[in-house]
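Going line by line, the protein sequences match chains A and B.
With this note's numbering applied, the first sequence corresponds to residues 271 to 482, in that order.
With this note's numbering applied, the second sequence corresponds to residues 271 to 482, in that order.
None of these hints come from the bench; they were simulated from the model.
Treat the hints loosely; a few may be bogus.
If several chains are the same, the list does not tell them apart, and a pair holds so long as it fits within one copy or across any two.
[As the list claims (entries may be wrong)] Lysine-lysine pairs mimicking DSSO-like chemistry, simulated, CA-CA at most 27 Å apart:
1) Lys414 <-> Lys440
2) Lys356 <-> Lys418
3) Lys440 <-> Lys394
4) Lys394 <-> Lys414
5) Lys440 <-> Lys296
6) Lys363 <-> Lys324
7) Lys356 <-> Lys324
8) Lys356 <-> Lys440
9) Lys418 <-> Lys440
10) Lys394 <-> Lys324
11) Lys414 <-> Lys324
12) Lys414 <-> Lys363
13) Lys418 <-> Lys394
14) Lys414 <-> Lys356
2 protein chains.
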Amino acid sequence: MPRPETDIVATRIRIMDAAEHIIQEKGAISFTMTDLATAVGMSPSNLYRFFESKDALAEAMAGEWFAELEIIMDGLVSAEMPVEEKLYQFFAKRLMVKRARFEDDPGLFESYMELGDEHFEVIKGYVDLADHYMASILAEAMEKGYFKGLDLDTVVSLVNTMMQPFCNPKLMMQMMHLATDERLRIVISTILSGLQAHDEQVPVKPELHIAG
Amino acid sequence: MPRPETDIVATRIRIMDAAEHIIQEKGAISFTMTDLATAVGMSPSNLYRFFESKDALAEAMAGEWFAELEIIMDGLVSAEMPVEEKLYQFFAKRLMVKRARFEDDPGLFESYMELGDEHFEVIKGYVDLADHYMASILAEAMEKGYFKGLDLDTVVSLVNTMMQPFCNPKLMMQMMHLATDERLRIVISTILSGLQAHDEQVPVKPELHIAG
Chain A
271 MPRPETDIVA TRIRIMDAAE HIIQEKGAIS FTMTDLATAV GMSPSNLYRF
321 FESKDALAEA MAGEWFAELE IIMDGLVSAE MPVEEKLYQF FAKRLMVKRA
371 RFEDDPGLFE SYMELGDEHF EVIKGYVDLA DHYMASILAE AMEKGYFKGL
421 DLDTVVSLVN TMMQPFCNPK LMMQMMHLAT DERLRIVIST ILSGLQAHDE
471 QVPVKPELHI AG
Chain B
271 MPRPETDIVA TRIRIMDAAE HIIQEKGAIS FTMTDLATAV GMSPSNLYRF
321 FESKDALAEA MAGEWFAELE IIMDGLVSAE MPVEEKLYQF FAKRLMVKRA
371 RFEDDPGLFE SYMELGDEHF EVIKGYVDLA DHYMASILAE AMEKGYFKGL
421 DLDTVVSLVN TMMQPFCNPK LMMQMMHLAT DERLRIVIST ILSGLQAHDE
471 QVPVKPELHI AG
């Protein structure tokens with residue numbers, strides 16, 4: 271019976287649109303399923319047939335938020351291109367999507383961040399998935415000789431650390447003007463050429479760097 | 271007349287302590303000079319003799335917050351040590367101070383961040399001062415041949431970008447467990463060995479990195 275299934279999907283989308291409108295107006299913290307039922311003209315018990323809790327609604331909204339980013343990540347992992355370019359695009363393409371969303375409606379972007387904070391257990395899965403995709407690109411780079419002396423988990427964690435202004439949406443809100451493509455390219459290249467284990471106490475051998 | 275001067279300083283300190291107690295209890299956003307006057311048992315007009323506005327109070331509190339960090343930065347800039355170690359300690363020593371403050375009272379730490387957000391024009395001067403100290407260390411590194419092809423302003427800005435989890439106190443609150451000394455040393459060494467201008471489109475020459 272395809273008809274009812276389609277109706278359910280359409281109604282769920284209509285409810286999510288209404289929820290987005292509410293968080294856009296009021297922020298994500300204070301809205302309740304009762305507010306949402308009123309906004310879509312349903313009884314609360316009817317609303318709960320479509321989303322059994324605010325958690326379930328947040329999960330569906332997070333799914334929409336991450337869907338486009340997942341397609342980008344999934345496409346890149348199997349793409350035929352040099353791993354250096356792949357790592358760059360892994361951040362550049364997602365940065366472009368997030369920047370467009372932010373510029374389109376900074377207030378709504380912030381409300382989505384609040385919604386994510388409120389339902390972090392939901393977001394955690396998507397963050398782990400992004401780490402998983404990134405790990406497979408970084409593993410490819412390690413096969414080519416990058417990141418000598420470091421294990422993959424350490425590399426994933428250090429790359430995440432240095433890439434925060436290009437991938438942490440909350441930090442991006444504060445620093446969006448700094449997250450340019452040109453700067454991203456330099457940071458990726460810094461990580462690729464500089465990130466490796468060092469035995470000595472002084473970080474690097476200065477004599478390698480004397481100009482001329 | 272040293273006596274009255276000393277009394278004024280002592281009273282200002284007592285008022286700042288009371289203000290800290292208030293933001294610790296209620297957060298920084300909502301408290302007023304009237305609340306503060308009540309807390310120290312003064313009339314509002316008497317309080318205004320010591321701090322002419324909430325801005326002036328925030329400025330004095332920011333001064334206390336940054337005083338220890340300024341001593342560290344000032345001492346390091348003129349210290350006799352290899353510039354690589356100097357750059358590492360520039361972040362490591364301040365990280366240690368901020369981590370200790372955070373662990374001592376995470377709620378108060380967060381309230382200070384709120385106070386800073388509310389009075390950003392006050393904080394901005396201290397942020398610029400830290401950039402100024404960092405620039406003089408990075409200029410010293412450039413004299414030794416680091417960061418080829420980049421100008422000092424670009425280097426300052428890129429180093430700030432990659433160091434966010436070790437120097438942005440708001441981000442540190444979320445990622446304190448990641449900001450270890452060992453990771454800091456690797457990130458500094460990555461920046462020193464990897465950060466430079468690149469002409470080619472592909473970030474680095476992979477053949478330089480093939481192991482063996």
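Hints, verified against the model:
no. : hint              : verdict
1   : Lys414 <-> Lys440 : neither (33 Å within a copy, 36 Å between copies)
2   : Lys356 <-> Lys418 : both (19 Å within a copy, 25 Å between copies)
3   : Lys440 <-> Lys394 : both (15 Å within a copy, 20 Å between copies)
4   : Lys394 <-> Lys414 : neither (30 Å within a copy, 43 Å between copies)
5   : Lys440 <-> Lys296 : both (19 Å within a copy, 24 Å between copies)
6   : Lys363 <-> Lys324 : neither (31 Å within a copy, 44 Å between copies)
7   : Lys356 <-> Lys324 : neither (37 Å within a copy, 50 Å between copies)
8   : Lys356 <-> Lys440 : within (24 Å within a copy, 31 Å between copies)
9   : Lys418 <-> Lys440 : neither (32 Å within a copy, 32 Å between copies)
10  : Lys394 <-> Lys324 : within (17 Å within a copy, 39 Å between copies)
11  : Lys414 <-> Lys324 : neither (46 Å within a copy, 57 Å between copies)
12  : Lys414 <-> Lys363 : within (23 Å within a copy, 36 Å between copies)
13  : Lys418 <-> Lys394 : neither (29 Å within a copy, 39 Å between copies)
14  : Lys414 <-> Lys356 : within (13 Å within a copy, 33 Å between copies)
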